[in-house]
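Asker: Sequence:
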Amino acid sequence: MFKSSLFTGLFCLILLIACNTPEEKTAKITKQSFGTTPDGTEVESYTITNTAGMNIEIITYGGIITSLTAPDKVGNYEDVVLGYDNLEDYLDVSPFFGAIIGRYGNRIADGKFTLDSVEYTLATNNGKNHLHGGNKGFDKVVWSAEPVKVEDGVALALTYTSSDMEEGYPGTLDVKVLYTLGNDNSLTFDYTATTDKKTVVNLTQHSYFNLSSMNSDILGHKLSLNAPTFLPVDSTLIPTGELRSVAHTPFDFTKSKLIGAEINAENEQITFGGGFDHCWVLAESQEVMHLAATLSDPASGRVMEVYTTEPAIQFYSGNFLDGTITGKNEVTYGHRSGLCLETQHYPDSPNQPEFPSVILEPGQKYKTSTKYVFSIK
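Each step along the sequence shown adds one to the number in my numbering, with nothing skipped, and position 70 is 79.
You may find that some hints are simply not true.
Claimed, not checked - Estimated spans, in silico, between C-beta atoms of each pair:
1. E363 - T201: 40 to 48 angstroms
2. S254 - N360: 31 to 39 angstroms
3. S153 - P371: 16 to 24 angstroms
4. F329 - K266: 34 to 42 angstroms
5. N192 - S222: 22 to 30 angstroms
6. N192 - D243: 42 to 50 angstroms
7. K266 - T130: 37 to 45 angstroms
8. M174 - S244: 26 to 34 angstroms
9. E155 - D98: 23 to 31 angstroms
10. E363 - S153: 23 to 31 angstroms
11. D331 - K37: 26 to 34 angstroms
12. S172 - T263: 41 to 49 angstroms
13. N144 - G44: 20 to 28 angstroms
14. K40 - D98: 16 to 24 angstroms
Derived by calculation from the structure, the hints in this document are not laboratory data.
Glycine residues also receive a C-beta, built at the ideal position from the N, C-alpha and C atoms.
All chains, please: the whole structure from these sequences, using the hints.
Answerer: Structure follows, in structure tokens:
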């Protein structure tokens, strides 16, 4: 009788422990259809899950991140990026939600640049300037995708070949972007490219983040940028060529501060951008991964650190979101309901030789990396 009771007690104890032990997640990647483009090309959606339970969803159209979950201070995983529920909305109107940007992220003045005395003309799709690769940049093409085995995470390789003179750019460019979701809740982007003709390249990622409720703006988020200078712009948001100190200006994020603290300050640069839409020059040298930015949301406790090999970061505070877009789960994206932290080279570098070079020659390999690390505080 005693042995039977002891056995029953031990069994119940083991069962109780099992029921209260967090289930071990399995790192995996799954694929499903996300619809077809007007020309009949199938678009696939890949869901990547790490062992911590974090998910990222990527579609082959534009390499777009349609969803990205991160834990809050009580352990709830929630989506922290803006986007749509269906392909049709991405095809219709999308302010580059979650997409790979290329061939050239940011603006090129007057849609023109010169290489070896040859002038190249690009689309002027942002006033008189060229923006984010043109009318059909890398955000609007269908990429090939293939899962890749990596240690301590799951990865998806996206590849695309941009033909010579596509959107006005010289050279056939073979591009690969590797998305790696680490089991430590990190997300890494490794960009590589080669060309058969001298060209310019500046790739970046354009996710809009909101670390709090999608029904709120990002003015209560706190941001620090490891950048003592920024690039002033003209009224069309083209850099003037000056590298200006952030000291004693609303652009000083060398110490963490609320984004909303000075976003409406009386300042010519704030007026030009309608808020923050500028490029900050990072303090650390490029080609070595270094901390560029730290974004945090006191309400949810979420923290996102940005590390990069790039020389600069564009902070865009969602100034052009105006409530006319209805996104995922029927949420209306109001003014400044998301922000972008785009690691990159300087805007208009092809026309400003004093800026770090964005030229890629045949035989060279374009290679940059950026990592987002999510945690709680």
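Asker: For a quick check of understanding: which of the numbered hints are violated here, in increasing order?
Answerer: Failing hints, ascending: 1, 2, 4, 10, 11.
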